[in-house]
Each structure stands twice: as structure tokens, then as C-alpha cells.
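For the protein sequence lines, the chains are A and B, in the order given. The first sequence begins at 164 in my numbering and counts up one residue at a time. The second sequence begins at 164 in my numbering and counts up one residue at a time.
Among the hints, erroneous ones may be present.
[What the hints assert, rightly or not] Pair by pair, the computed Cβ-Cβ distance ranges are:
id: 1; chain 1: A; residue 1: Glu424; chain 2: B; residue 2: Gly263; range: 35 to 45 Å
id: 2; chain 1: A; residue 1: Gln339; chain 2: B; residue 2: Glu204; range: 52 to 62 Å
id: 3; chain 1: A; residue 1: Asp250; chain 2: B; residue 2: Gly354; range: 51 to 61 Å
id: 4; chain 1: A; residue 1: Arg407; chain 2: B; residue 2: Gly354; range: 35 to 45 Å
Simulated from the structure, these hints should not be mistaken for laboratory data. Note that CB positions come from ideal geometry on N, CA and C, so glycine has one too.
If you want the building blocks of each chain, they are given just below.
There are 2 protein chains.
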Amino acid sequence: MRAVRTVRIGVLGGGTVAAPVVGLLRERAEDLAVQAGARLEVVHVAVADVAKPRPPEVPAALVTGDAAAVVVDPGVDVVVELIGGVDVAGPLVRAALEAGKPVVTANKALLASPEGAELRSLARSHGVDLLYEAAVAGAIPLVRALRQSLTGERIVRVMGIVNGTTNYLLTKMDEQDAPYVAVLAEAQRLGLAERDPTADVAGQDAAAKAAILAGVAFGYDVSVDQVDCEGITAIEQPDVAFARRTGHVVKLLAIVERVGEGSVSVRVHPTLVPRDHPLAGVRDAFNAVFVEGEAAGELMLYGQGAGGLPTASAVVGDVIDAARNLLAGTTAPAPERRPVRIEPPSSLCSRYYVRLDVEDRPGVLGAVATVFGSHGVSISSMEQETPERLADEEGAAGRDASGLARLLFVTHEAATGDVAATLADLDAIPAVVRVANALRILPWERR
Amino acid sequence: MRAVRTVRIGVLGGGTVAAPVVGLLRERAEDLAVQAGARLEVVHVAVADVAKPRPPEVPAALVTGDAAAVVVDPGVDVVVELIGGVDVAGPLVRAALEAGKPVVTANKALLASPEGAELRSLARSHGVDLLYEAAVAGAIPLVRALRQSLTGERIVRVMGIVNGTTNYLLTKMDEQDAPYVAVLAEAQRLGLAERDPTADVAGQDAAAKAAILAGVAFGYDVSVDQVDCEGITAIEQPDVAFARRTGHVVKLLAIVERVGEGSVSVRVHPTLVPRDHPLAGVRDAFNAVFVEGEAAGELMLYGQGAGGLPTASAVVGDVIDAARNLLAGTTAPAPERRPVRIEPPSSLCSRYYVRLDVEDRPGVLGAVATVFGSHGVSISSMEQETPERLADEEGAAGRDASGLARLLFVTHEAATGDVAATLADLDAIPAVVRVANALRILPWERR
Numbered sequence: 164m165r166a167v168r169t170v171r172i173g174v175l176g177g178g179t180v181a182a183p184v185v186g187l188l189r190e191r192a193e194d195l196a197v198q199a200g201a202r203l204e205v206v207h208v209a210v211a212d213v214a215k216p217r218p219p220e221v222p223a224a225l226v227t228g229d230a231a232a233v234v235v236d237p238g239v240d241v242v243v244e245l246i247g248g249v250d251v252a253g254p255l256v257r258a259a260l261e262a263g264k265p266v267v268t269a270n271k272a273l274l275a276s277p278e279g280a281e282l283r284s285l286a287r288s289h290g291v292d293l294l295y296e297a298a299v300a301g302a303i304p305l306v307r308a309l310r311q312s313l314t315g316e317r318i319v320r321v322m323g324i325v326n327g328t329t330n331y332l333l334t335k336m337d338e339q340d341a342p343y344v345a346v347l348a349e350a351q352r353l354g355l356a357e358r359d360p361t362a363d364v365a366g367q368d369a370a371a372k373a374a375i376l377a378g379v380a381f382g383y384d385v386s387v388d389q390v391d392c393e394g395i396t397a398i399e400q401p402d403v404a405f406a407r408r409t410g411h412v413v414k415l416l417a418i419v420e421r422v423g424e425g426s427v428s429v430r431v432h433p434t435l436v437p438r439d440h441p442l443a444g445v446r447d448a449f450n451a452v453f454v455e456g457e458a459a460g461e462l463m464l465y466g467q468g469a470g471g472l473p474t475a476s477a478v479v480g481d482v483i484d485a486a487r488n489l490l491a492g493t494t495a496p497a498p499e500r501r502p503v504r505i506e507p508p509s510s511l512c513s514r515y516y517v518r519l520d521v522e523d524r525p526g527v528l529g530a531v532a533t534v535f536g537s538h539g540v541s542i543s544s545m546e547q548e549t550p551e552r553l554a555d556e557e558g559a560a561g562r563d564a565s566g567l568a569r570l571l572f573v574t575h576e577a578a579t580g581d582v583a584a585t586l587a588d589l590d591a592i593p594a595v596v597r598v599a600n601a602l603r604i605l606p607w608e609r610r
Numbered sequence: 164m165r166a167v168r169t170v171r172i173g174v175l176g177g178g179t180v181a182a183p184v185v186g187l188l189r190e191r192a193e194d195l196a197v198q199a200g201a202r203l204e205v206v207h208v209a210v211a212d213v214a215k216p217r218p219p220e221v222p223a224a225l226v227t228g229d230a231a232a233v234v235v236d237p238g239v240d241v242v243v244e245l246i247g248g249v250d251v252a253g254p255l256v257r258a259a260l261e262a263g264k265p266v267v268t269a270n271k272a273l274l275a276s277p278e279g280a281e282l283r284s285l286a287r288s289h290g291v292d293l294l295y296e297a298a299v300a301g302a303i304p305l306v307r308a309l310r311q312s313l314t315g316e317r318i319v320r321v322m323g324i325v326n327g328t329t330n331y332l333l334t335k336m337d338e339q340d341a342p343y344v345a346v347l348a349e350a351q352r353l354g355l356a357e358r359d360p361t362a363d364v365a366g367q368d369a370a371a372k373a374a375i376l377a378g379v380a381f382g383y384d385v386s387v388d389q390v391d392c393e394g395i396t397a398i399e400q401p402d403v404a405f406a407r408r409t410g411h412v413v414k415l416l417a418i419v420e421r422v423g424e425g426s427v428s429v430r431v432h433p434t435l436v437p438r439d440h441p442l443a444g445v446r447d448a449f450n451a452v453f454v455e456g457e458a459a460g461e462l463m464l465y466g467q468g469a470g471g472l473p474t475a476s477a478v479v480g481d482v483i484d485a486a487r488n489l490l491a492g493t494t495a496p497a498p499e500r501r502p503v504r505i506e507p508p509s510s511l512c513s514r515y516y517v518r519l520d521v522e523d524r525p526g527v528l529g530a531v532a533t534v535f536g537s538h539g540v541s542i543s544s545m546e547q548e549t550p551e552r553l554a555d556e557e558g559a560a561g562r563d564a565s566g567l568a569r570l571l572f573v574t575h576e577a578a579t580g581d582v583a584a585t586l587a588d589l590d591a592i593p594a595v596v597r598v599a600n601a602l603r604i605l606p607w608e609r610r
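Please construct the entire structure, taking both the sequences and the accompanying hints into account.
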């Protein structure tokens with residue numbers, strides 16, 4: 164039996180992920196030592212408020228208030244950053260990397276910030292690991308799959324359901340035929356949505372993950388502010404019902420698509436997904452990432468995207484990797500990121516679903532169709548809903564629908580820019596009371 | 164710019180996977196060099212018959228008939244074994260490992276044979292990689308996910324749809340309400356089933372993959388002859404129809420379950436899977452592996468399980484890994500396998516669906532129910548099908564069903580051994596014409 168080495172771990176943060184990380188590392192120490200080839204010992208847990216009571220997994224003797232000291236402590240071999248956010252965590256991660264320590268983090272905001280690229284460069288230039296399996300899609304072993312297993316693969320497109328809250332809301336709107344506000348209130352009651360749900364429902368959380376996916380899938384440095392982002396707040400029952408009626412389901416997708424050599428589209432938007440697509444079956448708060456590779460074909464990875472324990476599982480996997488690499492004097496593959504052009508969404512084509520509330524009188528449909536035609540947007544199908552249903556639904560949303568008709572269009576493939584121009588012109592027609600929604604429909608043609 | 168190193172690759176085999184492997188390594192050389200940190204150069208392609216014409220991806224100048232020379236050639240750094248089977252491939256892999264060369268293989272039969280354990284030990288003792296991402300579930304990055312990402316995870320159960328042919332057959336029986344023989348003939352016509360489909364439909368291919376999964380998920384050495392294996396040849400339209408009617412779908416699952424400390428059940432059998440389970444949506448020839456971990460929760464990996472190009476994609480991923488590890492002087496994690504007790508299936512419990520053809524007269528149901536009761540197998544529900552439907556379906560299968568009734572039972576959780584004893588006793592009742600099928604129903608209780 165060979166001599167047992169010890170890898171000493173400094174944890175930054177004492178919250179919902181940190182506690183189970185410390186718990187797993189301590190409770191499963193024996194098994195993990197076999198995997199890592201070394202004993203993994205948590206030596207510090209740095210928290211903002213040392214006086215605050217901690218869960219039983221975190222022994223009081225390990226707790227310190229001095230995170231800045233932990234990251235440069237020569238008695239710490241690996242730093243695990245679970246603070247989140249950019250302002251506090253950023254300088255700490257930077258200091259740890261500069262001190263030559265591998266860093267494991269679940270911090271999507273930091274990785275997707277403009278500073279993320281600098282931190283990745285810093286890790287590379289110091290020859291240490293910066294691992295972040297838990298930052299996208301929680302427990303799903305996505306980052307390693309893309310960085311290692313599919314490393315020889317030319318990836319065409321990645322589409323992910325990467326925000327559990329919005330997927331839960333959309334699932335309930337579909338299954339219960341319930342309005343957005345009702346399912347949001349229920350999700351907040353269950354703790355599945357924040358009291359201020361903006362970061363989730365406006366798509367910003369998914370956008371950060373899209374930026375990270377662009378890096379691990381395509382090797383491009385993209386930051387969250389480069390992601391074209393549309394959330395789910397405009398989705399209403401008639402959209403969900405139309406999707407269901409036509410064999411689709413509305414999903415908020417984070418999408419990274421290769422458009423040309425050195426050019427990608429990175430965006431987040433609600434999408435009508437066909438029911439027989441693997442992503443359509445991803446329900447409730449589950450996450451999934453669908454990958455299309457030239458050789459591998461279609462792949463999907465599915466699992467829990469959030470929650471303390473699942474996220475902790477991914478963090479612990481990274482800690483083992485960091486420890487193994489440290490002992491072997493190597494690092495996980497992290498090829499240098501390449502420069503990239505972000506394709507503006509306006510040039511991308513897809514079929515669109517468009518919902519309009521219009522005045523219920525002759526001639527309106529003709530005027531509307533003329534606007535579509537004037538922008539070269541070809542209509543594939545149109546249906547008009549009964550005034551009764553419209554009155555009921557709009558009434559429930561506090562709008563007066565008397566004298567109105569609802570028009571539901573599906574277009575042939577059209578450029579996003581042309582559709583946007585169509586919608587703007589439609590909005591200017593007096594007979595069009597409301598451009599209620601416009602959603603892309605999968606599949607769209609290969610770029 | 165640092166000096167470019169070259170890793171020289173010897174490929175064994177010139178078939179449907181070898182050709183695209185050679186093709187990808189040559190066509191994508193520039194990208195792959197970035198990933199691997201070295202130029203990957205195919206230097207030999209060893210084939211059984213040098214005279215046989217090869218696809219254009221394989222340059223004639225690389226072709227040799229002397230595989231034994233390739234594996235010991237000092238000019239070869241990494242050996243890629245794509246011959247398949249045990250007798251020829253086994254000694255070649257052994258020789259390569261003994262010569263200190265990393266081996267990448269897609270050979271499930273070899274890995275699941277009793278010799279597989281020896282080869283893994285040999286690789287470990289020589290400090291070289293033996294990588295086999297492509298051996299289970301083709302392009303799905305499963306092995307690396309289980310060996311690395313989930314390395315800190317205590318896995319409870321792995322259930323996989325790992326045979327594309329049988330999943331295609333079951334999907335078509337379900338979607339087209341077509342008999343087994345008809346969908347098999349169609350699959351053979353499309354090249355999705357072999358002319359002799361036994362290895363697929365009897366479950367042997369899935370059993371080899373189950374044995375490999377027991378290794379990568381649980382760290383146990385299991386060989387294919389230790390896997391309890393039941394194929395799909397007994398599945399008939401009434402079973403598929405019953406499944407559909409009750410919100411299930413029949414899937415052939417390879418299952419590895421932790422039963423106790425140091426004890427697993429490893430088996431392959433058709434199973435009634437609830438329609439809302441992620442595995443239920445895996446259609447046609449796609450594969451998927453569903454993993455349940457204590458911390459990570461439910462995970463599923465989905466993709467193409469076979470085909471030359473998808474399999475080649477996984478092989479190339481391994482080649483890059485082997486090259487990187489070789490240059491870094493390390494290997495992929497391969498903890499020593501632990502001894503294991505294989506739990507006999509008789510003690511495991513699940514709900515069962517049982518289909519009987521019986522004489523259509525009073526008293527028979529009572530006699531049948533008494534047999535169930537005598538073995539402590541409790542009946543949850545029973546239905547009797549119309550004689551017309553029975554006559555139609557049995558007639559189509561060439562059986563005379565006049566005077567018969569069909570009984571469909573669902574049991575409460577019962578031990579497999581007790582169910583087997585029940586079926587044997589039922590078979591001995593003169594009024595029971597045929598014990599047509601008995602299938603387990605997901606979910607079953609946590610072992």
C-alpha cells in the first residue's frame with residue numbers, strides 16, 4: 164500500500180451548495196480518497212458572517228471570516244469558490260490562481276462576465292485548473308462531456324433548457340392550462356422561484372449559461388452581455404395552448420449555433436419545440452442540454468440543474484479532478500479560446516408563430532397579410548380564434564376584448580430582422596390592437 | 164509557438180468504425196492537434212485481408228496485414244483496436260499494453276469477457292490507458308461521465324437502453340401496433356437488424372454492456388456470463404398494447420443496481436416503463452442511460468448508440484485523451500476494481516405484469532388466483548380481454564384461440580423467485596393453456 168497523500172481544500176462560502184460540498188467531502192472521505200488518489204481534507208470554510216449559525220455539515224472549527232487569507236494560505240492546495248457573484252468572488256478567484264492554486268467554482272455569473280476570460284487565461288498561464296462543471300446545468304456532467312469526450316467532435320449546435328425555474332413555470336402552464344401569474348405564485352410558494360424572479364424569467368440566468376456553453380462547446384470566449392436574450396414574461400395561455408394544439412411545447416432555450424467559420428449565434432429565447440423532440444419531454448425544474456455534432460449526431464444530457472446537493476455532487480467531482488491533476492502535475496484540457504464573431508440575430512432564419520389581437524371587422528386580415536408580404540415574410544398558416552374564447556382569456560388578463568379577434572399565424576422560414584420589421588409595422592396599423600407574441604419554431608434549417 | 168509533437172497511432176481493423184476513425188483523424192488533423200496538444204498521425208491500419216478494397220478514408224499506403232507487428236512497433240504510440248470479438252483482438256490488446264502502449268477500443272465483447280478484467284489490471288500495472296468510451300452506447304459520453312464527473316457520486320442504479328436494434332423493434336411495435344415478426348423483417352430490410360438478430364434480440368449485446376456499466380458505475384468487475392439476461396423475443400402485440408393502455412411502454416433495459424454494500428444486481432430484461440419516465444421517450448435506434456445518484460439525483464445521457472461515424476466520434480475523443488495523458492505522463496482515472504457479490508435475481512422485488520391464455524369457463528380465475536396467493540404474490544388488478552380480440556390476435560400468430568380467454572394481471576411488489584414459482588405452478592394447471600408473458604414494471608422500490 165502506497166503512502167497516502169492529503170490534498171487540503173479551502174472552501175469559500177457557507178451557503179446552500181457549500182454546506183453539502185463540505186458534508187460530502189467529509190462523510191464520503193474514504194471512497195473519495197480511492198477516487199482522488201489522496202485524502203481530501205477541508206481545512207477552511209470562509210464565510211461572510213462567522214456569527215451566523217451553520218448547518219451541522221460545517222464544523223465550527225473550520226469556519227473563518229477571512230477568505231482573502233484562505234486563498235493565499237500555503238496550507239491550502241485547492242480553492243472551492245461558492246460565494247457567487249462577481250464583485251467579491253472575482254478578486255478571490257484571481258488571487259487563488261495567481262497563488263498557483265487550482266480553483267473549482269459553480270459561479271456562472273463570474274465565468275460569463277468579461278472578467279471570466281481573464282480568469283481562464285490566468286489559470287492557463289499559471290498552469291492550474293479552473294473547473295466549473297457545476298456552473299451550467301448543475302449535476303449534469305456537461306462541461307466535461309463537451310471539453311473531453313466530444314473534444315474531437317465538430318459541434319454544430321447546442322440547445323439547452325438550463326433554467327429550472329422557467330422550465331417549471333412553462334411546464335405548469337402547459338399541464339394545468341394555468342396563467343403565468345398563477346404558476347409563478349405557486350412556484351414562489353414552493354421555493355422554486357425567487358421572490359424577485361427577474362433574473363430567471365427575463366432569461367439572464369440562462370444567458371450566462373449560454374455564454375459558458377459557447378466556450379466549452381465551441382472554444383469561443385463569449386460574455387453574458389453578448390448574448391441576445393428574451394425571457395418568458397410575454398408567454399400567455401393562448402401561446403401555450405397553440406403550441407399544444409399544433410404538437411409543440413414552449414421551452415426557454417439557451418442556444419449556441421455555429422453560423423460560419425469563426426462565427427456563432429448565442430441567444431436565449433422561448434421556442435416552440437416539437438413534442439417528439441427529446442427536449443420537449445424535459446419537465447418541471449429539470450435541465451437538459453441537446454448537442455448536435457457532425458460525427459456524433461444528436462446527444463442529450465439530462466438531470467437536475469439546481470439544488471444544493473446535486474450542485475454539490477458536480478463540485479465534488481471537480482475537486483477530485485483538481486486533486487488528481489495536482490498530484491499528477493497536469494491540468495484538465497483547456498485549449499486557448501479563439502476569437503469569435505457573434506452573429507447578429509437579425510440575419511438568422513426560422514419559422515415564426517405570431518399572435519395578434521385585431522379589430523374584428525372586414526379588411527383587417529388583408530391589411531395584416533399585406534404587411535407580412537411587404538417584408539418578404541411568407542405565411543404558412545393562419546387561424547382565427549372564437550371571440551368567446553378570446554373574451555374569456557383577455558378578460559382574465561384584465562383586458563377588454565369586445566369587438567376584437569385573435570389571429571394566429573405560422574410563417575415559413577424568415578429572417579428575424581424581417582419578422583421584427585413586420586411586427587413593428589403591424590403595431591402601427593390602427594386595426595392591430597396588440598402584437599401579443601412572436602416565437603420561433605423548431606426545427607430551423609441548418610445554418 | 165511551442166514545438167509540435169506527434170503522437171503516432173496504429174489502428175487495428177478496417178471496418179465500419181475504423182474507416183471513419185482514420186477519416187476523422189486525418190481530415191480534422193488541425194483542430195485535433197489543438198485539442199490533443201500534439202499532431203495525431205495514423206501510421207498503420209492493420210486489416211485481415213489486405214487485398215480487400217477499402218473506403219477512400221483509408222490510404223492504401225497505411226494498410227498492413229500484420230497487426231501483431233503494429234502493436235509492438237516502437238513507431239506506434241497509441242493502439243486503436245477496432246477488430247471486435249475476443250479471440251483475435253484479445254492477444255493484440257494484451258501485447259500492446261505489455262509493450263506499454265495506451266489502447267483505445269470499442270470492443271464490448273472483449274471488455275465484458277472474463278479476460279476484460281485481466282486487461283484492465285494489465286493496463287493499470289503498466290501505467291497506461293485502456294479507454295473504451297465507444298464500447299457502451301456509442302457516441303454518448305457515458306464512460307467518462309461515470310468515471311470522472313460522477314466519481315464523487317454514490318451511484319444507486321443505472322438503467323440503460325443500450326441496444327439500438329431492440330429499441331427500434333419495440334418502438335415500431337408500439338407506434339405501428341405491428342407484430343414482432345413484421346417489424347423485425349422491416350428492420351432487417353433497413354439494415355437496422357442483422358440477418359441473424361439473436362445477439363441483439365436475446366439480450367446478449369445489452370448484457371455485455373451491462374457488465375461494462377457495472378464496472379464504470381460501481382467499480383466492480385463483472386463479466387457477461389454473470390449477467391441475468393432475458394431478451395425481447397417473447398414480447399407480443401398484447402403486451403405492447405397493455406403497456407400503452409396503462410400508460411407504459413415496453414423497453415429492454417440493462418440494469419445495474421446496488422443491492423447492499425459490495426453487492427449488485429446486473430441484469431437485462433424487458434420492462435414496462437411509465438410514459439412520463441425519461442427513458443420512455445427514447446425512440447427508434449437511439450440509446451440512453453439513466454443514472455440515479457445519491458447526491459446528483461436523476462441523470463440521463465441520450466444519443467446514438469451505434470453507427471460507424473457516431474462510434475468513431477467517441478473513439479477519436481478517447482484517442483485525444485490517450486495522447487494528452489501520454490504527453491503529460493499520466494493516465495485517466497482507473498481505480499482498482501473491487502470484489503463484488505452478484506445478487507441472484509430471485510430475491511429482487513418488483514411489480515409484475517402477467518399474461519395468461521386460459522380456458523374460457525367458470526372456476527378458472529379462482530384456480531389461477533389461488534396459485535398466485537399460495538406463493539404470496541398479491542394481485543393488484545386483473546382484466547379479461549374480449550374473446551374476439553383474443554381470437555384475432557392469436558389467429559394471426561397461428562394459434563387457435565376458440566374457447567380461450569386472456570387474463571392480464573398486475574401484481575403488487577413480489578420477489579422474482581416467487582413470481583417464477585407462481586408461473587411454473589400456473590403452467591401445470593390444465594385450464595391454463597399458456598403463460599404468455601411476465602414483465603417487470605417500473606418503478607420498483609429502492610433496494
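- Between Arg407 (chain A) and Gly354 (chain B), does the C-beta distance stay in 35 to 45 Å? Since the Cβ atoms of Arg407 (chain A) and Gly354 (chain B) sit about 36 Å apart, the hinted range of 35 to 45 Å holds.
- Task: For the range 51 to 61 Å, tell me whether the beta carbons of Asp250 (chain A) and Gly354 (chain B) fit it or not.
- Result: Hint holds: Cβ distance 59 Å, inside 51 to 61 Å.
- Message: Is 52 to 62 Å respected by the C-beta to C-beta distance linking Gln339 (chain A) and Glu204 (chain B)?
- Response: Since the Cβ atoms of Gln339 (chain A) and Glu204 (chain B) sit about 59 Å apart, the hinted range of 52 to 62 Å holds.
- Using the C-beta atoms of Glu424 (chain A) and Gly263 (chain B), is the stated range 35 to 45 Å upheld? For Gly263 (chain B) against Glu424 (chain A), whose Cβ atoms are near 40 Å apart, the range 35 to 45 Å holds.
The structure agrees with every numbered hint stated previously.
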